[in-house]
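Chemist: One letter stands for each residue in the lines below.
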Amino acid sequence: MLLNQFLLLSAVLFCIGVYGVLARKNGVLVLMSIELILNAVNINLVAFGALTADVGGEVFALFTIAVAAAEVGIGLAIVLLIYRNRRSIDLSEIDLMKG
Amino acid sequence: MLAGIAPMFGAAEFVRPAIDWHAAAPELTLLGFGALITMIDIGWLERARRIAAPLASLALLATLVPIITLALAGDDRSMFNGGFVVDDYSLIMKATFVLAGYVVVLMSTDYIAEGDYWENEYYGLLLSSILGMILMASARDLISIFVALELLSIPAYMLVTWRKRDLKSNEAGLKYYLMGVFASAVMLYGMSLLYGASGSTLLVDVNDAVSEPASPSAVVVLGIIFVVVGFAFKVSAFPFHTWAPDTYEGSPTPVTAFISVASKAAGFVALMNLLFVGFLGRDDVFEPLMWALAAASMTAGNLMALRQTNIVRLLAYSGVAQAGYMLAPLAVAGTVPPDKALTASVTYLVIYAAMNLGAFAVVIAVARKTRSAEISDYRGLFHYAPGLTVAMTIFLFSLAGIPPLGGWLAKFRVMEALIEADTASGLVLGIFVAVNSVIALYYYARIGFGMWAEDAPDGDLTPVNVPMSLGVALTLTAVITVAMGVIPGDVVGRFTEVSLLAGG
Amino acid sequence: METITDNNWLLTVLVFAPLVGALIMVLIPQQDEQSHKQVALLTSLVTLGLAAFLLIDFNYGKAGVLQYFADAEWIEVIGAGYTIGVDGMSLPLIALTALIMPLVFVYSWNHIPEPGNAKAFLILSLILETGMIGTFVAQDLVLFFVFFEVVLLPMFFMIAVWGGENRRYASLKFFLFTLFGSALMLLSFLALYFLTEADTFSMLVLTENAGEGIARGTQLLVFAGMFLGFGVKVPMFPFHTWLPDAHTEAPTQGSVILAAVLLKLGTYGFIRIAIPMLPEAAEAWAPWIGLLAVIGIIYGALGCLAQTDMKRLIAFSSVAHMGFVMLGIATLTDFGINAAIFGMVAHGLITGMLFFIAGSVKERYHTLEIKRLGGMLAQAPRLGWILGFVSMASLGLPGLAGFWGEFPAILAAYEPAVGLSEKTFHVYMVVAAIGTVLAAGYLLWLLQRTAMGEPPAEFADDPNITDVSTTEWIAWAPLLFGIVLFGVAPGLIFEVTDPAVGQSLNNCITLTGCEVAEAAASSGSGGG
Amino acid sequence: MSFLFGFAEPSSVPTSSTVAHSANWFLEYAWLVPLLPALSFVGILFFGKRMRYRGAELGIAAVSLSFLLAVCAGFAWIQHRDNFVLPDAASGAPATPGESYVAVQNSTQWLQSGGVEFGAGVLVDGLSVMMLLVVTIVSLLVHVYSTDYVGDDKRYTHFFAFLSLFTAAMLFFVLSDNILQMIVGWELVGVCSFVLIGHWWEEKPNSDAALKAFLTNRVGDVGLIIGTITLFFAAGGGHTFDTIKINEAIVQGEVGHTALVVASLCLMAAVMSKSGQFILHTWLPDAMAGPTPVSALIHAATMVVAGVFMIARLYPVFFEGMQIGGSSINLMATIGAVTLVFGGLLAFVQDDIKKVLAYSTVSQLGYMVMALGVGAWTAAVFHLFTHAFFKANLFLGSGSVAHAVHSFDMKKDMGGMRKFMPKTYITFIIGSLALAGLFPLAGFWSKDEILVGTGGWGLFGGTGGNGAYTFHLLMGVFGAALTAAYMTRCVYLTFHGEFRGGHAHGGHAHGGHAHGGHEHGGHAHGGHAHGDPHESGPRILVPLYILSGLAVVAGFANLPAGFQLVGDSWTERFGHYVEPYKSSYFPAIDHATPSWSLAVVASVVALAGAGAAIYYYFVKVDRLADQTQQSLTELPDGLSKSNALAGAGHRVLVNKYYLDHLYEGVIVAFTKGPLARAAYWVNQKVIDRTVDKAGETAVLVGRHVYDVVDQSVIDGFVDGSGRVSDATGEELRQINSGKVQNYAAILFAMAAVLAGTFLIIFAL
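Chains as they are written, first to last, in the numbering used here: chain A, 6 to 104; chain B, 490 to 993; chain C, -1 to 526; chain D, 149 to 912.
Only chain A is shown next, with the shape it has when bound in the complex:
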């Protein structure tokens, strides 16, 4: 019972994150949506870890948090770079290359 609620929460969070990723034009908001997805994963991991009484899940979640931080850092740097060059962070405008 308990588990299902966590999993549901995680799934909803995941979907919200996906929605944000797909719908927001602003690069920074997309990065924040990514955080939502990763946190959905973390909820899953911790919930499963708790279910099986295994620390592996928590450890995994810690790794995820750390890596996510690094990733978002890189992401912000790239968005900043784009802002410098284009004076805009609207993702839908970035389509120099296609086909």
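Incorrect hints may have been included.
What the hints assert, rightly or not - Residues of chain C placed beyond 12 Å of chain D at every Cβ, according to the derived structure:
| no. | residue |
| --- | --- |
| 1 | N5 |
| 2 | V18 |
| 3 | D69 |
| 4 | A70 |
| 5 | F175 |
| 6 | E206 |
| 7 | Q305 |
Unchecked claim - With the Cβ distance kept under 7 Å, some of the chain D side facing chain B (calculated, not the full set):
| no. | residue |
| --- | --- |
| 8 | E878 |
| 9 | R881 |
| 10 | Q882 |
| 11 | N884 |
| 12 | Y891 |
| 13 | A899 |
| 14 | L902 |
Simulated from the structure, these hints should not be mistaken for lab results.
For every residue, glycine included, the Cβ atom is placed at its ideal position computed from N, Cα and C.
For this one, chain A is given, so just place chains B, C and D on it according to the hints.
Modeler: Showing chains B, C and D alone in chain A's frame:
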């Protein structure tokens, strides 16, 4: 081998895991050199520029030493409850990564030095990405796979964006980064489900759990699919390839070569680790999945490549198709003896690395003169750069799988595995491979035709200046490509012994 | 199975001698055209010498046995060995290849096609030679496959770089078609590997095994793959469309090599691999092969009648001629297959020669359009007569080589192997015989339009139009001589191939009960 | 010489009961006869231009030697035939000398394939020896004749080379001991014919004629190939081409009837094309485009009888297959009969002297085929023998005339030639009389034997023969009348009346004629180009003398049995030495008894034919010509020329006697007018058009197939699949829109789709 290892949580006393330093030596060597380069950069700044590339080369060659000694020692090693494994397969892949990295360094030397780019960081990041890759070759645990993946990906995001003031490079980086992160998010979600189903992050345990008839089917299936999707992105399988052409086009060409070869190979390594160690019991799930991915990738990749006018984009799409060929044996991985499918894919990967790197080396060399990667600028190449033309011909037709160039052996092994499966699906996929090699030949041969048989644009016949390091890269890859086709003998012979140590 | 391993270094040297020459040429600077020509010619002459030694040293008493047999490890991991040997089936074709190449180089002496670059051209030709000879000596399926494909690239470039106007289309088409066939063929090879107990690519073992233990349905499928692979190369109707384009656009030397040797790789594959290894499937497919063969005969001839370009006409005639070869093969009798091998050699000599002529005509008239040509007999009488002579040979005139490919094939169709429908093959026989009329029709038509009549006004005083030159004589004389020699003494080839063909079919007799023309063997002498 | 001609014991054991290995050098080494001209061909080809007489001397020398060898072989054969003793297998006792007819065969292995050996060798018996003689002598004379006739031709050497090659091929053909070898010879003579017809290939009609000849023969060859193959498998226990073995097997009834019917029908097609039988004869008149010596040698005396020879050689095949003697209607006899009448009618309406002779050849070949068809083997072969001489004589004679007037058009350029060329005239008359069958010239004997052989007995009360072929007899007799009539017309138009050529047509003769003019178009005619025609030189006349001499005497070679003027030892010599009667490889045919009454009737009919023509031309036309002071070639008979010469013509027609009326209006006019013209119309408009149309149709079909099937369907499929690939690629490219969020949407959507699909499959 699991014996004597205590449960890692609860009341039990902590036991320090035994560390086999020899087994970890390649990673440690590379880590050391990477740190060294970073330190030198911080300390010496501009003065470090000249030695960065040689140092990176040295780092990679030095890393090769423990790999060779491990290979000579010959025994399989395992650490951390089987989370880190050194076996023939991982050694071959490590050697491939390191050599590919070395070739990339050779290709980068003049490219990076001549552009107005930071050099020291470039090599430092390159080395850390390679570190992620060789780690991946040994990873047999969901966490270490994840960490290795990120370790190889994050530096790559930065390398792709290396030409900071170039809009295309920015865009390439953004796309690569965003898609990479999405994919790893999906993959992570899948991993979390698998972890939930098995209660362990060790692949061996995952396999035990997913193979259980009692295991929650939906969770396992979803987990497998999400994980595979995550790596399908990495290997740029259709329809998760979308980033590849844009990223390839926008990044600095040596980096393109790096991600199209090393990074793709790392994706495959991860995929194979997962499939052969983690999911082998659920071949009913992953076989159709791989089948669909393989068939779609090779067909769509080739068809899209037909219409390309930029050689880098063309190579990107051809890379999609090549990924399809490499995925094909995995579609019968549960039917044929696992070794068979594994060795087929590994052989393909190694040969693909040589020929694709070589092709990019030629692209770099030609761009030194034409400043362009348009296919039309390759016309008449034969008239002013016969050596490059012959090399490019070798690489392209090797990619097409024409004997006696290495690519034929790669395709041969793939088909061999497919036919050995002796199933209708295997046969059909084999026919897919056969038909697709014909489609692919069309665009490879078209470039070949342009290079050999057409006149140079504007009649400009000034020769191409090929710097020495690039020349070495070209020679190395060309020799390997040809040798793999003509006298693969012992080299491929080693691959027969490739088998995944199931982690124990 | 018995093999003779004496002097087994010979074949390896024979196969790779041209490659060594090519490597030497790589080191010579491009400007030094004369050296390139010398090295290329010398290399091919050395190869010819080796082939001559082979011809002399060959144990004709045991022509059915693989001789100079060498078996070494090659790619252990896939079970492929470096297995080579030669028997009566391949000997004539090796000799043909070794003979054609020096002639090509002689012809190249002052006929390097546009846009020049003798170095690359000659190197490619030498690589081709290695590939072709290699295919004929290979006794391992993978090795065969590799050599079979090795010829693709050089030929592609030969057409692409030194070809005519439409070379891009033609070269790509050639390449794609052949690759398509061979890719499926490879699938079949692999299937054969896994389906036989022995798990081997050794042609010797697979021939001996002759499809034992493979379900009939599977055999049919596997054969179909080979059928496509070899059929495209032959080329059989309806896979022939690459051929006219390739021939029309290829430079003269390319056309000659293509016609003389390359097409034979396909038919050779049928008799060396497809039929002996899968006799049961061959029996099931034979009527279809025969059908496509006779369609090819008629179709090729009709195609010829529609042509306005001399070279294209000759190219289409290859479709018809190879139809006769395939008809001989489709009978699955030793008689028919002997005829097929003879047909291959004869077609090599004759059509190769026709392409040489076409090249020389193009060089003189700068066109091959039949409408514009004429009166060659008046302006270049020797050239005209040679064209007439070779046309006669091509239409199957008895006493010249072409006849011995056609007539015995038709003869064999009267009595196909036991198990094949005699009625069907009788129809094929009649259709094929009618094909000979059409062959005469288009060849004589060509002859009349190009050689006879008054020279057209535009060429009447053209100083360019000279008679046969010395290099042309040197290049052509052996072919012309061969056409007469094998026409008068066909036994020279039949007696070499007969035991080998019998040997390869014998295995199929024991297994599937298709007693191939055993009555023929026992009936003894025919002509007294 | 005795060791050469004399008979010795066989040095080796005969390989079969019917084949001897003769110790006689000339029979064993008969292969030298074709070899010499073959060597001469090679010699002339490579060195001819450098020789003093441009190669002719080599050709003549070789053929002379061949001729000598052939003569020796003839003597040797006579010895052999008379003396050879075949031990009786049962008793061991030798049979009576001269009783057994045993051929000499000398074979070697040619090739071996599929476990079957194929031999090559010579089969020497009466038939082949006879052919050797005919071929070598006619060839020799033609060689000599040609040195003058084509003396100024620019391709003189080449001409002689191919004469040599032809001679070699023909000799090779007649000596063949197996059918495969016969095919070789058969095709080689065809090629020589092709080359020599097209000798003046500058003009398209000539090369057209050459092509037509070759292609028509090629059509027949389909039959030859299939028939041969059928025999190969059917006869002699299977898998043999050996003629004797095949024949023996058939004679002994070992061969199925169906196979023989198929084989004989197929071979008949080959015969029809080679020997110019109705309806495949149209190439033969066209072949007159070649130089006249070629027409004489190839298209009259030798090559065209190859078909007849083949029937004779493989007689059991046809005898059984066509059921000769078993029924009164058989295909071969009927084809022969139709051909002989048809050819005779066609000969009437020709203006070109060579075409008259060509159709006459067709007609005479019809006689031979008919004779074979009714079972009169010896008569057919004998007619072949005599015909060779008088027809070669006629052809060479016509050439002699044409040499003088530079044209072959009798109506335009000839007339009254007897004044200019009396010697040629005489030989021509002798040839014509022989051809017409006037007693006692050669044609009389041979034609009479054919008529006898038909055994159409109801009318004349003889005995023997192989069935009552009354219809064929009547056709043969009618043909005799036709022959006499058209030759009369020919002689009149050529040699009598007023000369119509020369100055009147001086400028014309060289240029305009569709067919005659080119004969000498190639060379300048020195001082006498526009003068009166004059008699030919000795190199032309001597062959004419010899041939006309032969035309006189050749008939005596086979006087009918019971011919009371000479003893029995002089009658039927030809039959005795040539016909393999009672040999193991010859069917049991029934010899007809000669009938004097038939001979008389036939002669009378022939004379009537001649008489009618004489009356028409020599009397009526001459008279009208005198009246009108014109050189006329025929009466304005109202059917074709009613408008042109209406005035004069009507008066004559109105004033004629009743007999005249009957004669001209009914017999002559009908025969010469509607019938012959109808035949000609059918020939030109139907048969010939069919032949031409067949060619055109093939080309049209070829075009159609090429355009529609090859270029549109097959190639279209190939190119189309390429275009589809391209288009699909273009569509797929839309996926890569360049917008990263679209990419993300694809990623997530595909993940969802895959997840959904697999969940449905596995979890539900």
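Chemist: So, for every hint listed, does it hold in this structure?
Modeler: Now for the hints, and whether the structure bears them out:
Look at C:N5: its CB is around 27 Å from the nearest CB on chain D, clear of 12 Å, so calling it non-interface holds up. Non-interface call for C:V18 relative to chain D: holds, since the shortest CB-CB distance, roughly 38 Å, exceeds 12 Å. Residue placement check: C:D69 keeps its beta carbon more than 12 Å from all beta carbons of chain D (closest about 30 Å). Every C-beta of chain D lies more than 12 Å from that of C:A70, the closest at about 35 Å, which supports listing it as non-interface.
At the 12 Å boundary, the C-beta of C:F175 falls inside the reach of chain D, the nearest C-beta of that chain being 8 Å off. Look at C:E206: its CB is around 21 Å from the nearest CB on chain D, clear of 12 Å, so calling it non-interface holds up. Once the 12 Å rule is applied to beta carbons, C:Q305 is inconsistent with being away from chain D; the minimum gap is 7 Å. Satisfaction of the interface hint for D:E878 is found here, the shortest Cβ-Cβ separation to chain B being roughly 5 Å, below the 7 Å cut-off.
For D:R881, the interface hint holds, since its Cβ comes within 7 Å of a Cβ in chain B; the closest pair sits about 5 Å apart. A cut of 7 Å between beta carbons decides the hint on D:Q882: the least distance to chain B is about 10 Å, and the hint is violated. Hint status for D:N884 relative to chain B: holds, with the closest Cβ pair at about 6 Å, below 7 Å. Given hint, D:Y891 at the interface with chain B, holds; its Cβ is 4 Å from that chain's nearest Cβ, closer than 7 Å.
With a least beta-carbon distance of about 5 Å to chain B, the hint placing D:A899 at the interface is held under the 7 Å criterion. This hint holds: D:L902 has a C-beta 5 Å from the nearest C-beta of chain B, less than the 7 Å allowed.
Going through the hint list in order, the structure does not satisfy hints 5, 7, 10.
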